[in-house]
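Peer 1: Take each chain as given, in its own frame, and dock them per the hints.
Protein chains in written order, with our numbering: chain A, 1 to 465; chain B, 1001 to 1084.
It is possible that part of the hints are untrue.
Claimed, not checked - Quick list of the computed label-pair ranges, beta carbon to beta carbon:
id, chain 1, residue 1, chain 2, residue 2, range
1, B, K1048, A, L266, 55 to 61 Å
2, A, G42, B, F1045, 24 to 30 Å
3, B, F1045, A, A4, 45 to 51 Å
4, A, T326, B, K1046, 27 to 33 Å
Honestly, the hints are just simulated from the structure, not real lab data.
Ideal placement from N, C-alpha and C gives every residue a C-beta, glycine not left out.
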Amino acid sequence: MRVADRASFRDPAGFVYIEEGEIYRSVSKSYLTSYREFMSSGLFQDLVGEGLLVRHTECANSLDDDYPVVLKPEKIEPITYPYEWCFSQLKDAALLTLAIQKKAMSRGMSLRDASAFNVQFVSNRPVFIDTLSFGALDPRKPWGAYRQFCQHFLAPLALMSYVSPDLNRLIQLYIDGVPLQLASRMLPASSWARFGLFSHIHMHARLQQSAHKSNSCGVGGEVSLNGLFGILDSLRETIEKLEISVSKTEWEDYYSATNYTSDSLLSKEEGLVQLVRLAGGEPLTILDLGSNNGRFSRHVAPLATRVFSVDRDPKAVDSNYRACMTEGIRNVLPLVLDVTNLPGGVGWDQQERKSVLHRLRPDITVSLALIHHLVIGSNIPFTKVAEFLARVSDAHIIEFVPKSDSQVQLMLKNREDIFGEYTFERFMGVFGAYFEAVGIRGIVGSQRKLILFRRKGRSLREFHA
Amino acid sequence: MRDFFVLSVFVFLMPLDAYSYIDPGSGSFLLQTILAVGLGAAYLFKTKWSDLKIVVRGLLSSRKPTMPELRESSESEEKSNAGR
Chain A
1 MRVADRASFR
11 DPAGFVYIEE
21 GEIYRSVSKS
31 YLTSYREFMS
41 SGLFQDLVGE
51 GLLVRHTECA
61 NSLDDDYPVV
71 LKPEKIEPIT
81 YPYEWCFSQL
91 KDAALLTLAI
101 QKKAMSRGMS
111 LRDASAFNVQ
121 FVSNRPVFID
131 TLSFGALDPR
141 KPWGAYRQFC
151 QHFLAPLALM
161 SYVSPDLNRL
171 IQLYIDGVPL
181 QLASRMLPAS
191 SWARFGLFSH
201 IHMHARLQQS
211 AHKSNSCGVG
221 GEVSLNGLFG
231 ILDSLRETIE
241 KLEISVSKTE
251 WEDYYSATNY
261 TSDSLLSKEE
271 GLVQLVRLAG
281 GEPLTILDLG
291 SNNGRFSRHV
301 APLATRVFSV
311 DRDPKAVDSN
321 YRACMTEGIR
331 NVLPLVLDVT
341 NLPGGVGWDQ
351 QERKSVLHRL
361 RPDITVSLAL
371 IHHLVIGSNI
381 PFTKVAEFLA
391 RVSDAHIIEF
401 VPKSDSQVQL
411 MLKNREDIFG
421 EYTFERFMGV
431 FGAYFEAVGI
441 RGIVGSQRKL
451 ILFRRKGRSL
461 REFHA
Chain B
1001 MRDFFVLSVF
1011 VFLMPLDAYS
1021 YIDPGSGSFL
1031 LQTILAVGLG
1041 AAYLFKTKWS
1051 DLKIVVRGLL
1061 SSRKPTMPEL
1071 RESSESEEKS
1081 NAGR
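Chain B extracted, bound-state conformation (with noise of 0.2 Å):
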């Protein structure tokens, strides 16, 4: 990540010739490999999120459970039975 800012920062005080050729593909090809670390793991944060969530939660949720909960939780589990 460290590498991402020093080089935005490098990129930034480069000038620029906005009529010479372009290189086709190049330029393009290096900037995805370094936005691809920071987006990648961004994309996979965001879509993932709702996972987390759920993992988050369980460990939040150590405390006693409360009545309403657990009587929640026996119902689903007799049902689940049921359905053997």
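If we strip away everything but chain A, and leave its shape as in the complex, we get (with noise of 0.2 Å):
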């Protein structure tokens, strides 16, 4: 059966469908001219050569006579969106944008579009996707996408830089990139003064503005190919420069903070690879929800195929995003992500882009002491959990915190402990009623427990489908 992308209808050059579980790409017949020239200018060869685009096959077969040609792209999994990424990722993607755009531009050819959904991030690194994106280039035409680069990239970085890294966030709210009026006012007068945000950002955002309002459609003059070059550089460098602050957010500093003992963190380590070993199976992808700095999760990375680890707080998502990045870890996909607050279904009619549990589908999750958090920071009864947790994957790794935990009581210090029922016995009673216990180890240095659970019952995968 064939089911056209829900996200794939925008551009008329081609959409994405999936046939028996493979993705594939379909070519129109207006597109089939700039296609051939992308194939044959040696473009594509170099950029797959160096890993920048995603790899394709033709396949022998035409769709029908509007699409005389389909192509079989290599599947990526788990599909992400920038609203889900820490700076760094933004960045590295908005970095690759401009380098292919560089080198298309080389070879008489340009991006018609640089929407940041057309990265993903496969092994960790940023990769081009949209296959169907370039077109001939017009050399003394000003570049069209300029427009979405600087809404969908600079924006959002210069807001994440500037103003608060959870700003990424935005991108969620304006789906075809952060309006430059919008990030114009919200940038500090600081900006000014920077060359590449004035001109691209502040007054990009007041040309536009009193271009819509002399309604002077079609306004612009020529350009030099090498005031192209030099636009495209500018952008860079204004990129490149932008950075996210490193002072200490209330996760990133947890470890060296709380009360954990080097000998409770390796014993917490160490039961921790003994549960998932236990849990089996192959290949395995595991979720870490409220993974911090992503300490544990590059610790499990070994076992499984694809970790993904995800927390709310950005500056802690960027320092691990950068950690994998040292260390060469390509199998853990930091994502910024507050499971309180999951993104769900948004774009046209709520389906453009899907819903983050749609795309993730784990065979284990991991929730390392993020029970008090939900239960006593949030309250989120143990109830709602045990049910959310039940339909994200089959098999759970839970880290019991007591109250009885200084974290715990730095959590009610400040206010009425109405949690009477945050006790172990009632969170193994009511996570019972989904969940079968498999194994449970005991952290050294501290009463704190982690659980091992199997789902009861029937798979819940079948909620996915």
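Peer 2: Dropping the structure here:
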């Protein structure tokens, strides 16, 4: 059965569909000349050779007369969205897009769009996935995707750098990129002093508005090829200089600030590895919920094919991403996600960008020192937590943090303790309705416990279908 | 270049309305034509900098060459002739 991808309908050059679990990209008759030009220009081989563009093969059969060519690209799983990336991931995706545009221009081609959704992370490296984005370069015409690039990459990166790294979430609200007028208003006065931000955001925002007010459709003279290269270089330099501040966040220095002793940490690592092995199964995909800076995700990475390492703190995720790069870990995918407010379906008909639970399909979910944040920190009862986790995966490793723990005591210090039911027995009772406890490990030097649960009854994978 | 700065100041003084309808590209095209002038020149200068350095070095070295330089030059000439 052939199912059209719900996100692939804006560009008439072609569309993506899924058949028998495989991904295909059809090429329309109207785009065929550009596609052939792209393939014969040597650009495809260059980009694929350098790992910048997803590889594809041409299928022998066409879809129909309107779509004479069908491509079979390498399958990328899971698909993630820019509003789930940390600052460094979005920055790497932006620099990839600019590098591709520069290479394309050198071969007489140009990107027709510059959407951040055209980039995915494969083995922790950004890869461009829209093979049909390339068109012939008109060397005298301004870059058609310049505005989109500024809205999808430069504006959110500048806001994350100057205002708050949490502002990647704006891309979820503004699915075609952060409006430049909004970015210009939100950025502090100091950003005006940076030529790149002054011109590509502040000046850009004002010219957009004045062009609209004067109803000046089609305004714009010619540009030289050097001018286009100069604009690309300026965008690259501006983005390369953007950074997020390195001050510690509430989670980033968690392990050094809490009462974890080195023995406790080692014991926790050991218990976790034992339980992951006990859960077994190959290939193994692990979702680490509330992973902080990813210490434990990276520790179990050798046991898994992939680890989705998610946390709500963008700086902790950034630190995780950079640590993975430094340590050469390719199978840990850090993502910024708040488990209490996961992104649902957004965009057209709420299906253009799928909900995160439909994309991440873990075999095991690991929730270390998370339960007290959910139950006591966010007032989510055990029953709601168990019900939710039962939909996420069949196996779970949960660290139970008792009320006597200093971290829980700290959380209750300035508020009334309305959590009489927050006990280990009650926790096991509630989870027992959905899961069977398969293994328990204590953590040395604390009263915390690691429990391996397996889902009772039918596989909840049916939920995802 | 002067026009560029005049326009920059003009643009700086324009008011902003964050939620009005946004023209899809006219302003962006116009901005690129403005930026391309200065940034294009800067790009050209940067990419041609190595060539310029050679030219500048050549102009500056109108002084009498030193013995080691002359030796190097004659050696390379010999190699070049031998290859013919």
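Peer 1: Sort out which numbered hints this structure fails and list those numbers smallest first.
Peer 2: none
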